[in-house]
Amino acid sequence: MTETTPLLDRRAAVKALLADRADLLVVSGLGSSSYDVFDAGDHDGNFYLWGAMGGTAMMGLGLAQAQPKRPVLAITGDGEQLMGVGSLLTIAARKPDNLSIAVLDNGHFGETGMQRSHSSLGARLEVIASGAGFQSVVEITDMAGIAAFRSSLKRLSDGPKLALIRIATHHVQRALPPRDGVFLKNRFRQHLGIAVT
12 MTETTPLLDR
22 RAAVKALLAD
32 RADLLVVSGL
42 GSSSYDVFDA
52 GDHDGNFYLW
62 GAMGGTAMMG
72 LGLAQAQPKR
82 PVLAITGDGE
92 QLMGVGSLLT
102 IAARKPDNLS
112 IAVLDNGHFG
122 ETGMQRSHSS
132 LGARLEVIAS
142 GAGFQSVVEI
152 TDMAGIAAFR
162 SSLKRLSDGP
172 KLALIRIATH
182 HVQRALPPRD
192 GVFLKNRFRQ
202 HLGIAVT
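Letter by letter, the sequence shown follows residues 12 to 208 of this note's numbering.
These are calculated hints, taken from the structure and not from any lab test.
Treat the numbers as computed from the prediction; the structure is a model and nothing was measured.
Note that CB positions come from ideal geometry on N, CA and C, so glycine has one too.
Each computed DSSO-like pair below joins lysine-lysine, with the alpha-carbon atoms no more than 27 Å apart:
| id | residue 1 | residue 2 |
| --- | --- | --- |
| 1 | 80 | 196 |
| 2 | 165 | 26 |
| 3 | 26 | 196 |
| 4 | 165 | 106 |
| 5 | 80 | 106 |
| 6 | 80 | 165 |
| 7 | 80 | 26 |
| 8 | 165 | 196 |
| 9 | 106 | 196 |
With beta-carbon atoms standing in for the labels, derived distance ranges:
| id | residue 1 | residue 2 | range |
| --- | --- | --- | --- |
| 10 | 203 | 108 | 13 to 21 Å |
| 11 | 62 | 23 | 20 to 28 Å |
| 12 | 181 | 33 | 24 to 32 Å |
| 13 | 167 | 206 | 22 to 30 Å |
| 14 | 54 | 208 | 20 to 28 Å |
Hey, can you work out the whole structure from these sequences and the hints?
Okay, structure coming up:
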């Protein structure tokens, strides 16, 4: 990322990404990623993570494998994806056609005090994903890029896909989704037509 790289408003980007989502299943990472997804509109097909730092992409992989006829989107931040960078290798090796990952990259660890992350120090997650073997990798710096990536989300082919979305670091008011893990699990299972026991 350079000083001149355009940066998107995270809330506007996520809201646009999830517009007209149809049967898209969404797993969102802890903290700001989940706040952004909830702010875009709560949905029974959203599974918000309140912990499991570094685990969002792997949760997306598991869900994509369990639901191969549904498109799956994992939305996470650069700090969390950097912590789980090895997951990109496993996902590329498994080749889930129906999995997309959106990394909201502001170059900072937003949940621990806005320290600079490795992505602001030269690490490029989109290059790592490409080298790992992702079928499609894009860097998004404008809303046209968001619209193009959104149009690919519903396809059950050409995966795994990764979009690195460059977002601004400005403060955004928290929008807190439900925190009850049992409720979220049961609601998600019901959405999938799986019995709640």
